[in-house]
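Asker: Top to bottom, those sequences are chains A and B.
Under this note's numbering, the first residue of the first sequence carries the number 1, and numbering increases by one thereafter.
Under this note's numbering, the first residue of the second sequence carries the number 96, and numbering increases by one thereafter.
Rather than coming from a laboratory, the hints here were simulated on the basis of the structure.
Everything numeric in this text was worked out from a predicted model, so none of it was measured.
Where is the CB? At the ideal position from N, CA and C, for every residue including glycine.
Be aware that one or more of the hints could be misleading.
[What the hints assert, rightly or not] Beta-carbon label-pair distances, calculated as ranges: (1) B:Thr361 <-> A:Glu58: 43 to 49 Å; (2) A:Ser19 <-> B:Glu364: 47 to 53 Å; (3) A:Pro82 <-> B:Gly474: 51 to 57 Å; (4) A:Leu57 <-> B:Ser473: 14 to 20 Å; (5) A:Ala86 <-> B:Ala405: 18 to 24 Å.
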Amino acid sequence: MIERDQVLHVARLARLSLSEEEVETMVGELSGILEHVDRIGNLDLEGVEPTSHVVALENVLRPDEPRPSLPSDVALASAPEPQDGAFRVPSPQAE
Amino acid sequence: MKDLLQMTALEAHEAMVAGDLAASEYTAAWKEAAAGDELNAYLWRNEDGEDSKAIAVERDCVAPIAVKDIFTTEGVPTTAGSRILEGYRPPYTSTAVRKLLEAGAPILGKTNMDEFAMGSSNENSAYGPVLNPWDRGRVPGGSSGGSAAVVAGGLAPWAIGTDTGGSIRQPAAFCGIVGLKPTYGAISRYGMIAFASSLDQCGPLTRTVSDAALLLGILQGKDPCDSTSVGLEGGVSLPDREDLSGLRFGVPAELGHDEYDSGVRTVFEQTLRKIEELGGEIAEVSLPSSEHGISAYYVIAPAEASSNLARYDGVRYGMRAGGDGDLVQMYETTRSEGFGPEVKRRIMLGTYALSSGYYEAYYGQAQKVRTRIAEDFSGAFADVDFVVTPTAPSVAFGLGEKTDDPLAMYMNDFFTVPMSLAGIPAISIPAGLAEPDDGGPQLPVGFQIAAPAFGEQKLLDAAYALEQGIGFDARPEGLGG
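Okay, chain B solo, but in the shape it has when bound (with noise of 0.2 Å):
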């Protein structure tokens, strides 16, 4: 048998399932690596004598589990990356983990994020940024990037995190890993602290193609505690097809050469060239209205956001600060202490936008936006079965490039926020190593595959297929590969 280590999830699963690996050694195995985090990717880990009813569960099959620390845990603290939850302890238990723990996946931790999900650098945590384990000097993307960096540097067999404009896919492609987006509706958002609730959805970061499969099994479903769940129809199997004869990907003709770097277009490129050795047809479409994307994407999630947040007042759990003063010094000391800077901009950016006088311009004209980006997503798959682009523009950039520029780091969503107006899936793969535009050693590079809404089972096929006959087989230094 392999290491216990090198492993994927779904190995680990079968051995276990066949008897030939013991649940007990292998998450022994796994809580011994977690707890050599060097990267900043945990913000809590299960260890024994911490009082927890999350970690009660543990059966002969499916892998130890990474919890983004957006996911409420009963009795385990959950914190958002935000000071303003500090200390919080939910009384309640979020709808995907209650499904890992009834599926026999102990939690190994809670991992780092952007304070609320708002960042795609990690560099927003209230808790410090996370390291990417392929450069420290690096950011894993965001925001997501706690669950991205320990499945990557070796800390957790598999994880779960949130994407709203792109904060699985990205991190997933800065740390060289798979990540996928569901269809919006597919996982219950129950129990999910709320960033931007029409857009919010649940998804695996993994090793592999068929661990998210395996994964979006588990954790796919309608919840009566979420009325915007649909669930899969048919459930996920996992992935076995061998080529890609017969599919049509569409690359949007208006993806120009400006929006990326070149070391991401040759890798590009050269997984275009694969999909085609592998049968697959490649073909243009037309996405007019996606470079609109960051512009609806700024105003309807902060909007959305600016509502789900105004909970957090000091009243029913949380920090308090200023409770000498009034009722209104109090919600306001207490928010101003509690809440990062980019947060705030968030707060401020969507409050404008819905207040009097400019609802129309802004969050009226977004939703129309939205409207027509959904609309060029089908009229596209009346040609292709799937669209394909760079997830991200570079390869990870580095600590503290980006902070003082909000505009320069949203960009970061530009290939992955349209996916997420329109609700529709979309997966990053590791497609190859590209150094830096502004030179270095070689870093990760993602591809991104985006289907029909509720298309899962096609898309996860196909990439396994690409996955396969790329054999992205790197690894961060130290790690084997």
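In isolation and in its complexed conformation, chain A is listed as follows (with noise of 0.2 Å):
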């Protein structure tokens, strides 16, 4: 289970702002699906190494040699608003 507290915590962790509908479907819906996924919470899997990866790939190195980037006004040319050759964003503070 799942509170509405904890919904609404963790929408503002992942930068969501949620409407009261929302917040009331998601508390239903996670709650549901984490009934599901909780089966798993009761097996033993002590000592059970965690696979993060199925690949077995270690320290993929290329030659550390200079070569051209994406050109400045190219990175910029899909950005909601450019300016002077930076991306602009709003202040960071409250007006």
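Hints are included, so try docking the two chains, each in its own frame, into the full complex.
Answerer: Structural data, given as structure tokens:
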């Protein structure tokens, strides 16, 4: 089960602002999904190594040679609000 | 020569190489067919006059291709089925698409998909659902629903998609075509918009196993831009195996009858008999942890997604909303307006699973289940060459039928998720038709064959022999057969 307060907390962490209706739906749906997922919580997996990646690769390196990078005008071409060769964003401080 | 649109990609390729078919004529015929899309399968089509570097290459070999809209293509709209990327034209091209262009395959269009590849019905696209060419009241499967529908619906000779937990195999099964999820690492993920990076893999959706082999041969390879790519040693040859003698096919003992429809079961059992007729041997294998695949997957995939999708913040590309407030308000408004319900649900699920106090119980535990699932397969492959299951628990279901129940939707991935977690290759081939359990006209059923990691050649050879033995030649109404 997941409570309403937890949903609001997780939404803040995820940078999502949910409508009142979305919060209600999310409480019900996430609870249902987590109830199913919780079945693995009861498995005895003491000593089992976790798998984060299936292909055993270590230290994949390439020669450290300078190469041309994306020109800044190309990198900025898709930005919602480019300005003076930079990405413009609203102030982090509330007005 | 056969009607241009009835030829397989391989047949057309061979005719072009032999000089019997002009690439321009063939491509023009497919462009015209693609323009008749009534399935909402294309989000963008390559029409003359479109300013695009991605369409410049055209040589006298290899058939034009439809590309899932998750692959970045320089100068061509790439949305991943999301509102948040509406109008985005990437400054670079994904390795998979670059390899296609270098091989001479022009891009026919970009196909519709579940938003950020999250879904099993294509109903999570911000641009509307794709209709199944067999029955327009039903879903084509997902998330590569557009890619499956264009191939089955006569709108493209072949296509590429991506598979994280079944997103190539399940739509291929629902649309009566071939879908291959290669070994994790076989094909570069560079430029493939990330959903769950430890699971995502590009692969072919084709009419035949031979077409899948031809396409895999073009796509595979180690790429300096993707440090997890390995490629397939020795490349891929066209399959030519005629029987299955000496091969052992394992059916999981845990495969209860509750998990799938009776029509699917009938076709599955017929296919097992066909394998025996072709000289193959059916054995029982044990995959005890597979039943926990869905639970582990729906922790791991959302966890990785919640991290990957943090990049959509209204700063560098894509849409921005709420720019009049402060920075955090802008992030939150952009993401809340830009993402659809399923993407929000998975971001929430993943963020919760990774949050302080829950990490070990969910993410840590799921990663251990993942180890167990991979060990189950290793154990099985000590005894058999392949593991076989139905691809999906049912035939294509109705539009809107499962949209109110996320867990019921997730259960579509029951048979496909274990192979994704283990990173092994698996193919779905059309095995027959069955009536849906709730009645209605017959629809395609997929048969899934899984092989050990990097066992693609053996997998394709066996799938080819079985495909020839089954002789599936049904096509959606109005498309000949």
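Asker: Now tell me if each hint is right for this structure.
Answerer: Checked hints:
1. In this structure the hint that B:Thr361 and A:Glu58 lie 43 to 49 Å apart at CB holds, the actual value being about 48 Å.
2. Between A:Ser19 and B:Glu364 the beta carbons are some 48 Å apart, a value that agrees with the proposed interval 47 to 53 Å.
3. As the Cβ distance of A:Pro82 to B:Gly474 is approximately 55 Å, the hint placing it in 51 to 57 Å holds.
4. Between A:Leu57 and B:Ser473 the Cβ separation comes to about 18 Å, which falls inside the hinted range of 14 to 20 Å.
5. Separation of A:Ala86 from B:Ala405 is about 21 Å and conforms to the stated range, judged on CB atoms against 18 to 24 Å.
Hint violations for this structure: none, all hints satisfied.
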